[in-house]
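Asker: Which chain is which? The protein sequence lines are B and F, in order.
Here our numbering is used: the first residue of the first sequence is 3, the next is one more, and so on.
Here our numbering is used: the first residue of the second sequence is 839, the next is one more, and so on.
Mixed in with the good hints there might be a few duds.
Claimed, not checked - Reference excerpt, derived from the structure (chain F facing chain B, CB under 10 Å, subset only):
(1) Leu897
(2) Asp908
(3) Ala920
(4) Leu928
(5) Ala941
(6) Ala956
(7) His957
(8) Gly980
Hints listed in this document are in silico derivations from the structure and should not be mistaken for laboratory results.
By construction, the Cβ of each residue, glycine as well, lies at the ideal position given by its N, Cα and C atoms.
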Amino acid sequence: MTSSLRFRAAVVSIVLFAAFLGIWHLATRPTAAAHNMSPEYAKLMGLTATQGKSAMPGPLDVGAKLWEHLRQPFYDNGPNDKGLGIQLGYSIARVALGYFLAVIVAIPLGFLIGMSPLISKALDPFIQVLKPISPLAWMPLALYTIKDSSISAIFVIFICSVWPMLLNTAFGVAAVRKEWINVARTLEVGTVRRAFTVILPAAAPTILTGMRISIGIAWLVIVAAEMLVGGTGIGYFVWNEWNNLSITNVIIAILLIGIVGMLLDQILARFTRMVTFPE
Amino acid sequence: MTDKFISIEAIARRYPGADGKETTVFEDLWLSMGRGEFGCVIGHSGCGKTTVLNILAGLDQPSEGAVIVDGQAIEGTSLDRAVIFQSHALLPWRTVLGNVAYAVTSKWRNWDRAKVKAHAQTFIDLVGLTGSEHKRPSELSGGMKQRVGIARALSITPKIMLMDEPFSALDALTRGTLQDEVRRICLETGQTAFMITHDVDEAIYLADKIFLMTNGPGAVLAEIVENPLPKDRGRIDLHRHPYYYALRNHIVDFLVSRSKTFASDVTDHDPRNVPVVRPGKPELVIASGPGDSEQASWPGLSRPSTSS
Ligand SMILES: Nc1ncnc2c1ncn2[C@@H]1O[C@H](COP(=O)(O)OP(=O)(O)OP(=O)(O)O)[C@@H](O)[C@H]1O
Ligand SMILES: [Mg+2]
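So that you can see chain F by itself, here it is in the shape it has in the complex (with noise of 0.2 Å):
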């Protein structure tokens, strides 16, 4: 990681819980993203991911730690980052491009109706809703909303882009295209991006790096597993990619067996210094042949490297 971008320093969400005592959803959590980086977060529900992205998008504060953003501490909320809600959350008393209209007006006061008009209906016809921009959110599939959400988020230009599983209350196939679209977006526009994912294929196409949390309370961020498939992946022929199953196994494997244990299997782990893992060449595992140790039994993996 040479420059971060967005850095996640030390952060700590506690709740008054009951009895007076307080339940820590985690603590001292380093996380760190370079520019332009597509990172994904993976882990058992409840385990904080939306508390991550909430402090991260400034609807929350943490209770300890700061997150620092392009250099500087964030202080709230930002039209440098904008957030794609999980249900989409758009205005219902507004028309499409009422809502993408509201965003645009809200970075740029001081433009006049046509100038907003015309910005909004670029991005409107970026997501592909053309000839929608007069209806209202209640006369939309699901898909087309997420659809004005995405539109809405980058209708402001931001500088990063925080998705709480922007996709999850989809189809497959509409969740395959906004996927391809939001893929291609990032991709062009260079956005630095942040999504919660549960879908691990997802976060296999879309990832350059993917965030393994354990599971809560007191979660942690386990693993960071970078992406060993080529940028110019494609959707449909993902899992003909000799890395693929690898990859996926892997993550698989910490959800449904180490995302438990992690906390009492690892005791040197160090948050500020999460080990970084490349999930290599499946040929290697068949090679390696039944016998060795689990660790032995990965020799593509590349060692848990640390990274500063």
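Isolated chain B, as found in the complex (with noise of 0.2 Å):
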């Protein structure tokens, strides 16, 4: 029944997909060609005017192309041309590391504000006012007080992927059940082992969660840190790509960005499902 129903979804997806190649490909089909243009003119504007071509390419041309990064995703021939694979590495590295320093600061602050009603009182202005900074409000900031700009792209990244998770640690610290706290203290369980043995695995999926949310924020965010901050990563790649108006290129990190988002949340789905417990 389920896997009836599993297949019928793929079969639906491919047809849907197969769809959306047709009318891509069909859209964007060479028309008749411009007669009465002027030679120089014609010259001037290359393909796209003398033979009707359109200027958005067709999925063969993005299929060639991908196939060409695929084969060489590692190549590197200086500042403004490297393989995808390189530049995509970058983006990871980045996210990795903004996101691992935002872990070791929100998850012992989140369990402090979580389990301390004077320290959760105390800072919850300042995080009602920080909260909603836009990350990259930050970056002139970040590049004027640490005067490089690869580390600031990191920052941006730690203050972006910060406040989710300090919440739901925070609120999955301060929901645990009355009775697990009691069960552990009517056994004399002392603080740093009830934290670890109650309070943690209860709080663990609530604080998934919350990494989960973060890690995708700060993969939405490390595009555009590097678009601003220039020199290497995915998010400069599409806007160099840009700039050299090939579009087919952009088409290709657009869609590379959605598959290593995809899978950093499939990740952290995984690692939320592994300490989800059953009631």
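Combine both chains into one complex, guided by the hints.
Answerer: See below:
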């Protein structure tokens, strides 16, 4: 029953994808070439004008280019010409670093906020004000104080991924069932051991949910951040190819950004499933 | 009461209520139990039974007064006082064995894995869960979960077991089996037990002493009923015992009528010296005939004697 549903869903997905490719192909098909055009102008405009070729690449162009990239993902021909694998690698490394720092800060701090009503109340106004600030708004300040574009990007990732983790950890810790705490209390379990053996496992699903939201936001923000700071990374690649007017490469980059984002989300989803307990 | 193993002395519990006034759940409450005794508290919902038990467990502090266990005023929770929670309170991310082992390692921190496991296994076997060690609480029935709770409480070999309506969420059949087990274990190990229940028969079967509490707010311990049934009573033929109905009627009467009106009826109630009652033979009730006053219609009932 469910397997047949899954099978039918897969068929529908494939049909939809094929239809999308078909429409795309038809829409970008070369139209009748323009006739009465001065030769100089035609030369200037290239194939787009002379043969009625669409400025938007078709699926076949993108496919061919993608194959080219996939065969050589890690080449490095200087600052403006690096393989897509390298660019993605830079982005992933920045996200990983900023995200890791955010985990180190947010989870212990979230524990503190969740366990102490005093700290929770004291920090609340700061969190309320800092949370809605767009992470990119920090960029100039970061560039000015840190004076390094790459570290600034990492800082921006840190700042955008810290909030969901912090709030979810604090909420998860504060919402641990009283009776589980009471079990630990009647067993004379010390605070540290209680935090690790009762509160952490009880709050883990909520914490992981926060971490999953964070990785999504971090991956959204890294593209924008790299467009701003430049140099390396998939965001920079998109911007650079736009400047080169290579829409094919831009489309490929968009596709890869989506796929990497999905993979990151799936990894976190798997971790979430690992710590989730049925009640 | 020759030796007071547990002695609750003049405790009160107040909560800050609305409009700045305090609500007093109870005050000046005295209660004591001897070593190895099984005490049951009966009273209407909201009278403060859980509050007393939580104070005894150390999970809650009294606003006034003190609790003395084994000659020492208690401060907070202790591994000597195990609690069996109404909602079983198992840690759902641990297996049956894991839950019991958690208690064992909390008591004996330097035991190695094998020793902890063997010890936990003993108590899992004791409550009849052999074979389910590696199941998670979500895979167990309500009765099995409660058994794990009992195994966990027993595994730390406490001096006192505190139970807050441990079987109220179970079906009658499972409840009966668990009552048998708890009684057997308590008799075998000489446990001192303090249990809250709404089930009169459960109290009659298990308890040596039944504490009757009046309705709150401002609940008082009205009476201590001593169970006249023999120690070797069985659950099945409980109702055949000649004292059974006298005892049961006495408790039910209290719950139905006297628990409401107690405060206005009894003006000279001394919370330090709560009357101890021992309901007697039902035949004598019939012999006395009608027309007597209420007190006189229960000649088998020994006069409320005071204890110290
Ligand atoms: N946190 C609290 N704040 C204010 N009042 C409280 C609080 N906790 C309990 N109470 C009050 O204390 C009284 C006694 O509560 P308790 O839980 O001890 O009742 P109980 O006898 O165990 O009832 P039940 O049989 O329903 O379990 C109740 O009237 C309740 O309203
Ligand atoms: Mg209660």
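Asker: Would you mind marking each hint as holding or not holding in the structure?
Answerer: Consistency of the hints with the structure:
1. Taking 10 Å as the C-beta contact cut-off toward chain B, the hint placing leucine 897 of chain F at the interface holds, the least distance being around 6 Å.
2. At a threshold of 10 Å, the smallest CB-CB gap from aspartate 908 of chain F to chain B is about 16 Å, leaving the interface hint violated.
3. Because the beta carbon of alanine 920 of chain F sits about 7 Å from the nearest beta carbon in chain B, less than 10 Å, this interface hint is met.
4. For leucine 928 of chain F, the interface hint holds, the least distance from its beta-carbon to any beta-carbon of chain B being 8 Å, beneath 10 Å.
5. Checking alanine 941 of chain F against chain B by beta carbon gives a least distance of about 6 Å; that is within 10 Å, so the hint holds.
6. A least Cβ separation of about 19 Å between alanine 956 of chain F and chain B goes past the 10 Å threshold, and the interface hint is therefore violated.
7. Evaluation of the histidine 957 of chain F hint against chain B yields a violated restraint, the C-beta minimum of about 14 Å exceeding 10 Å.
8. For the restraint placing glycine 980 of chain F at the interface with chain B, the shortest Cβ-Cβ distance is roughly 13 Å, beyond the 10 Å limit, so the hint is violated.
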